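When you get a sec, could you build the whole thing from the sequences and use the hints?
Number of protein chains: 6
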Amino acid sequence: MFRHPLDPAQVSAQVAAALAEDVGPGDLNAALIDPTQRLRARVMTREAGVFCGRPWVEEIFRVLDPQVALTWAVADGDALTADQTLLTLEGPARAILTGERCALNFMQTLSATATVTRQWSAPLEGKGLTLLDTRKTLPGLRTAQKYAVLCGGGANHRMGLFDAFLIKENHIAAAGGIEAAVNAARAFAPTRPVEIEVETVTEFEVALAAGADLIMLDEFDEEALHAAMAYPRGATKIEVSGNVDPGRLQALAALGVDYVSLGALTKHIRALDLSLRAERA
Amino acid sequence: MFRHPLDPAQVSAQVAAALAEDVGPGDLNAALIDPTQRLRARVMTREAGVFCGRPWVEEIFRVLDPQVALTWAVADGDALTADQTLLTLEGPARAILTGERCALNFMQTLSATATVTRQWSAPLEGKGLTLLDTRKTLPGLRTAQKYAVLCGGGANHRMGLFDAFLIKENHIAAAGGIEAAVNAARAFAPTRPVEIEVETVTEFEVALAAGADLIMLDEFDEEALHAAMAYPRGATKIEVSGNVDPGRLQALAALGVDYVSLGALTKHIRALDLSLRAERA
Amino acid sequence: MFRHPLDPAQVSAQVAAALAEDVGPGDLNAALIDPTQRLRARVMTREAGVFCGRPWVEEIFRVLDPQVALTWAVADGDALTADQTLLTLEGPARAILTGERCALNFMQTLSATATVTRQWSAPLEGKGLTLLDTRKTLPGLRTAQKYAVLCGGGANHRMGLFDAFLIKENHIAAAGGIEAAVNAARAFAPTRPVEIEVETVTEFEVALAAGADLIMLDEFDEEALHAAMAYPRGATKIEVSGNVDPGRLQALAALGVDYVSLGALTKHIRALDLSLRAERA
Amino acid sequence: MFRHPLDPAQVSAQVAAALAEDVGPGDLNAALIDPTQRLRARVMTREAGVFCGRPWVEEIFRVLDPQVALTWAVADGDALTADQTLLTLEGPARAILTGERCALNFMQTLSATATVTRQWSAPLEGKGLTLLDTRKTLPGLRTAQKYAVLCGGGANHRMGLFDAFLIKENHIAAAGGIEAAVNAARAFAPTRPVEIEVETVTEFEVALAAGADLIMLDEFDEEALHAAMAYPRGATKIEVSGNVDPGRLQALAALGVDYVSLGALTKHIRALDLSLRAERA
Amino acid sequence: MFRHPLDPAQVSAQVAAALAEDVGPGDLNAALIDPTQRLRARVMTREAGVFCGRPWVEEIFRVLDPQVALTWAVADGDALTADQTLLTLEGPARAILTGERCALNFMQTLSATATVTRQWSAPLEGKGLTLLDTRKTLPGLRTAQKYAVLCGGGANHRMGLFDAFLIKENHIAAAGGIEAAVNAARAFAPTRPVEIEVETVTEFEVALAAGADLIMLDEFDEEALHAAMAYPRGATKIEVSGNVDPGRLQALAALGVDYVSLGALTKHIRALDLSLRAERA
Amino acid sequence: MFRHPLDPAQVSAQVAAALAEDVGPGDLNAALIDPTQRLRARVMTREAGVFCGRPWVEEIFRVLDPQVALTWAVADGDALTADQTLLTLEGPARAILTGERCALNFMQTLSATATVTRQWSAPLEGKGLTLLDTRKTLPGLRTAQKYAVLCGGGANHRMGLFDAFLIKENHIAAAGGIEAAVNAARAFAPTRPVEIEVETVTEFEVALAAGADLIMLDEFDEEALHAAMAYPRGATKIEVSGNVDPGRLQALAALGVDYVSLGALTKHIRALDLSLRAERA
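Residue numbers (this note's numbering), protein chains in the order written: chain A, 1 to 281; chain B, 1 to 281; chain C, 1 to 281; chain D, 1 to 281; chain E, 1 to 281; chain F, 1 to 281.
If you're looking for bench data, these hints aren't it; they were derived computationally from the structure. Just so we're clear, the structure is a prediction, and the values are computed from it rather than from any experiment. One or more of the hints may lead you astray.
A pair counts as met if it fits within one copy or between any two copies, since identical chains are not told apart.
[Claimed, not checked] List time: in silico SDA-like cross-link candidates among lysine to any residue, alpha-carbon distance up to 20 Å: (1) K168 / P35; (2) K168 / A278; (3) K237 / P190; (4) K168 / K237; (5) K168 / E125; (6) K168 / D218; (7) K237 / E279; (8) K237 / D213; (9) K127 / P190; (10) K127 / N183.
The following block contains the structure:
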């Protein structure tokens with residue numbers, strides 16, 4: 001299994017938007033730098049974490065000036081310690097200084113997601129419980145954040161509304177019941193995965209019988225959870241969603257829950273502390 | 001003083017990117033809902049905070065289906081309590097369910113910034129110290145986040161590299177000194193503001209003499225700070241940047257510091273907890 | 001089950017591209033028409049078929065001139081006879097004549113796909129065999145053509161490379177076997193459907209054991225097909241792809257094959273014969 | 001005379017749209033392939049035809065990964081036999097497999113048009129009758145299809161509404177007669193070509209007298225056609241449009257008709273049967 | 001003959017670019033205006049001229065705020081006197097002030113072209129000589145400027161490189177002579193107009209014999225010009241290009257020259273002096 | 001001080017728009033040139049001036065064909081004499097001829113602004129008076145024209161509505177006075193420059209007291225001007241705007257006026273006379 005091959009068009013669009021908002025009609029400050037001046041600089045950590053962001057940084061300097069040479073000391077997904085060098089940049093000073101903040105912003109934001117994902121997922125290794133992300137992401141950065149989740153050791157739930165069914169209360173009411181909703185989904189898009197969100201053990205039983213690929217247990221208490229997990233469930237997978245603490249994850253794993261999905265991986269951001277330091281000649 | 005009139009083209013581009021990544025080639029789930037079905041739903045808080053995000057939510061439903069009627073119970077910048085209704089939506093069920101997550105993502109992300117800004121800025125009211133944001137923002141969302149800072153009671157520092165000089169070490173070295181750098185900036189763009197980042201009191205003195213509009217004191221210790229603030233400084237404003245705690249803000253205000261800039265306002269995000277609840281007919 | 005809610009952004013982009021290539025810097029011919037002149041015109045069939053194309057036609061006239069009123073006599077998916085009125089347009093003559101060819105081009109192309117799909121799928125009704133489309137589509141029109149397949153009574157296979165695994169020879173070789181490839185896919189994206197293309201009964205058996213969601217039998221002869229269909233297959237679905245004739249579809253249905261996928265639905269086009277006729281006042 | 005120099009911006013936009021709809025947020029399947037793995041593959045024909053599509057295939061791999069080396073065995077416009085190698089690709093396996101379907105879709109669609117054009121135009125060689133295309137094209141692919149018509153030996157009629165007048169019934173009615181319409185067109189855009197569509201010999205005579213550059217005979221019967229072709233017509237050219245069979249083309253050529261325009265060249269598509277085959281190391 | 005129906009997509013793209021460069025991330029100044037404040041303002045001339053620009057101004061306020069009501073006192077192409085009201089705007093003060101400069105910039109630039117065109121073309125009325133524009137235009141504004149030429153009473157030469165042949169020295173050399181070049185053009189695009197630029201009477205004679213639709217006499221002296229105009233020329237039209245003074249135009253008209261093309265109409269701009277004046281309540 | 005580092009994204013967008021309007025669906029004329037033919041050509045001046053335009057010309061040929069080699073004899077900002085070679089191009093003839101007109105249009109338009117700016121600014125050298133541009137620019141070309149002003153020796157006023165306050169009559173009325181308006185601006189965006197436009201000496205006095213960074217004297221007569229310039233004004237700068245003649249500039253400089261802003265630099269264009277001449281082999 002290899003890292004997700006990001007669509008270069010997405011990386012490129014995200015970088016273009018970021019440069020447009022930072023450079024706008026032109027970098028005033030670069031006017032103070034001789035266009036022939038060269039610079040050598042390093043991006044350093046100030047704290048530990050997990051790295052993510054290389055494709056975006058590469059695209060930034062490809063766009064600004066392909067003469068900036070990037071030498072990476074880390075790959076996406078690598079564990080970082082404080083005061084570690086991530087990257088050395090060498091080339092025209094103007095382009096390095098123009099791109100500095102954009103590059104740091106991508107790295108600090110995406111490494112935040114990779115780092116928190118690793119914190120949650122590392123203790124689960126080998127326990128049979130997989131950590132999933134959600135659609136609770138920063139607008140415009142979903143594909144980037146989902147890649148960061150992979151870098152942190154989590155897995156991706158659906159990308160958006162287009163690649164899987166998640167049948168909720170409203171759909172069930174509209175279809176006239178869980179079974180009818182599953183049948184409608186199968187008839188409409190027979191090869192798409194169908195997940196159902198259930199709130200009671202009774203609903204769970206119906207969803208199982210309807211042949212859902214995935215069932216999400218929504219705010220099940222301990223008793224309901226045990227009851228549900230006691231059913232034989234064939235190919236159907238079980239997801240628990242919502243506010244769990246790390247300790248509870250182990251218990252869920254022990255019960256045989258397949259997935260826990262956590263909005264916190266992508267909706268909260270604690271930017272990794274990074275800095276770019278110019279080296280003196 | 002009124003709220004910043006956002007460029008509608010920016011809001012529109014940010015919403016288009018968010019919808020594209022969530023809806024992509026089409027919302028599968030909406031296929032389970034009769035196109036004529038109508039829905040009434042409310043967006044509610046689960047915790048207290050400060051609201052931000054109306055223009056983005058309005059744009060989302062304008063794009064998806066202008067028949068969705070939005071009735072707002074709050075305006076951007078309003079303080080929120082837990083379990084408060086922010087917005088009632090009424091219209092075609094498909095469009096409401098398709099836009100739900102995008103709308104929540106904008107509101108939870110931007111309200112995060114408005115909320116943290118209010119926490120920092122409220123105690124400063126009337127103290128003569130203004131809280132500024134930085135360029136440490138989420139890629140693609142800078143204008144949105146800077147608007148959220150205004151909603152929270154902070155003020156905006158420069159938007160990007162294009163609207164002010166911030167003369168740092170590299171520029172000073174390139175120009176051959178602080179005074180030469182200021183002169184170069186004035187010659188190049190005489191009506192643009194010139195800020196200088198200084199690391200010592202000696203540099204501060206030179207920057208003051210050079211007529212900087214704004215001087216940023218970078219990691220000054222207590223003694224250096226007092227020394228700097230003792231200089232008569234005419235029209236020049238003083239900014240302190242970096243890691244400060246709330247208590248220290250009061251001390252800085254008492255010393256006559258004009259601005260404190262905080263990357264934390266926009267680089268860290270603790271998404272406000274919101275939910276959309278359908279109402280039964 | 002309802003028709004697929006198309007992403008309006010996709011329809012809009014496809015229409016913008018079509019208008020740009022036809023109208024370019026401006027419609028010379030419209031200069032011969034008084035801007036105040038009004039026209040009433042009808043779009044008629046010259047042959048039987050199945051209709052598809054309303055959202056694109058509506059977008060064309062929304063962009064060109066919202067004063068053109070469209071009165072539809074048919075909905076997407078309706079069966080058409082020759083000499084039937086599909087649509088009446090009334091409004092400014094310039095806009096109707098400027099949009100005429102673009103509108104006809106969308107309708108004749110998409111109705112072609114709906115029509116051929118209906119021809120293949122109608123005899124299968126109630127037989128338990130579903131007709132699927134493929135990724136063999138007209139560049140730039142995939143979402144539109146996949147919607148046309150739905151209108152014709154077929155179902156959609158994956159939209160693209162992003163929403164399902166289809167493990168082929170190269171992936172199996174890279175992973176070191178079918179089982180390893182399925183495991184890699186499950187580990188990478190646990191909630192995505194996994195399909196495997198197999199060429200022999202032996203491979204089929206391995207794919208079944210590996211728990212594929214879907215297995216595609218590639219050029220199986222009669223004997224191999226019967227052998228494969230004799231296996232108990234739990235939740236796994238079976239797809240036959242490639243060159244089949246209508247008669248063979250019935251045999252495949254009888255054998256319990258779940259899906260037949262046909263590139264011919266979308267890669268070959270026999271444009272439906274339509275015309276726009278102005279009505280005299 | 002050389003092949004039309006396509007606008008690279010058009011090719012690039014068509015390829016971007018095609019990749020976006022196929023790759024979307026990222027190619028899941030590529031995750032199963034080691035990023036360092038290399039592949040050598042050939043694109044082969046399964047049937048005879050005329051080739052078209054090189055610029056689009058080159059752009060696809062330029063965008064996905066410039067390290068994929070393309071070695072072409074054919075040029076646009078070349079006649080193809082079954083089982084012929086068109087192209088050898090060598091480079092990173094991921095990029096080749098990601099771009100495969102997009103590349104085949106462009107080649108099979110555009111070669112379809114080149115092939116059918118060659119079938120119609122070859123027997124006309126040296127007969128003084130030129131085969132023209134129309135505006136009945138696949139939405140978004142007009143410039144590409146018109147290039148394919150050139151590759152097949154046909155010629156291009158107007159690109160769109162912007163580069164020539166085609167005066168029809170509605171324009172004649174609006175202007176108050178054929179002569180008035182021609183005069184209006186000449187006054188408006190004196191250097192643009194003016195074509196008139198006529199339905200009777202009387203109209204033909206008026207159009208000729210009005211100095212049209214081109215006259216299109218719309219559904220003329222044999223008698224009317226002979227009557228029209230008997231007029232001395234100076235610099236005016238004659239076009240016959242609509243449903244003709246190959247045999248009739250020879251008769252039209254013998255009569256001195258200058259052009260026959262055929263919607264069928266571009267509105268119907270019978271995709272050329274192509275495949276990509278990986279070579280084993 | 002009516003005014004050119006501009007492609008709304010072009011107007012919209014030109015306005016979007018203009019607003020982006022003026023409003024950028026948001027109009028700071030509008031923050032000083034209460035969002036509920038209304039304004040009534042008039043756009044006035046300070047000098048005489050010919051008006052052009054309505055579609056762009058309408059698009060500006062449609063984008064910024066459709067609540068701004070525009071009441072036009074003039075139409076494109078109208079003669080203007082000094083101190084004349086062109087337009088009254090009434091609506092939200094913010095939007096009017098945000099759009100003011102963009103709107104004036106379009107009107108002053110396009111009216112400049114309409115005005116100078118009228119000055120050159122008015123004395124030619126009824127003389128049989130038509131004034132043409134060229135491709136010497138302001139980058140990004142060609143379609144707008146060509147529309148302004150129509151408003152001023154001139155006519156449009158080709159829009160760009162795509163809608164007519166203009167065979168020059170390099171093409172003649174490449175083809176091996178004028179006749180060969182014309183034949184190549186006719187073979188390549190039989191229905192496109194073919195113009196040839198000639199430098200001597202001998203070349204003129206060859207171009208005439210080759211059946212050019214249009215011949216451009218490049219820097220012919222008086223004697224050469226008379227010699228050329230003495231040839232019988234059938235359907236071929238004659239264009240004189242380059243630096244002519246108004247007096248010479250009459251002489252050219254008398255000689256029977258069909259067109260004079262003037263780069264000066266669109267490459268030089270003397271912006272019309274306009275102002276927006278707020279009305280007090 | 002170095003030349004402004006233009007945002008490459010802006011140059012690229014301006015070039016894309018210009019090529020789209022000139023090349024559109026493809027350069028017909030290039031079809032007459034063998035794709036393998038090479039050309040060597042020079043761009044020459046026909047009159048004296050100041051050069052501007054290199055980045056746009058480089059981008060044009062980078063997009064059309066990177067094999068065109070450009071050898072520059074001048075840099076932006078260089079003084080030009082008549083009959084001087086600016087640039088030699090060597091490479092594929094098609095690309096050079098396709099890009100010729102676009103390249104000349106950028107150079108002739110931007111050199112016009114550089115030239116007129118040099119004429120106004122040269123006599124001011126060392127006089128302490130700086131020439132500023134305005135927002136009266138050609139729609140879509142503002143960043144390009146502001147760069148040309150720098151090349152001519154002028155300086156840039158604000159880029160747009162986003163990077164500085166210019167408080168005018170309407171804002172003062174809205175705020176309830178000059179001081180209130182300045183306070184509102186400072187509160188809203190404390191680090192942005194605040195300029196006030198005043199019409200009387202009394203207003204000037206208030207604006208000075210309010211601490212404006214810049215005061216624009218609007219149509220002050222000689223007496224008012226002298227009165228204003230007699231005030232001690234600390235860090236506040238004085239700008240005179242509007243219709244001044246060159247002689248008056250010296251008087252304003254002598255009075256101590258800091259800036260004169262001239263709309264004429266960018267709103268009027270007298271295109272520099274340039275030509276491209278092919279060299280014979």
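List of violated hint numbers, smallest to largest: 5, 7
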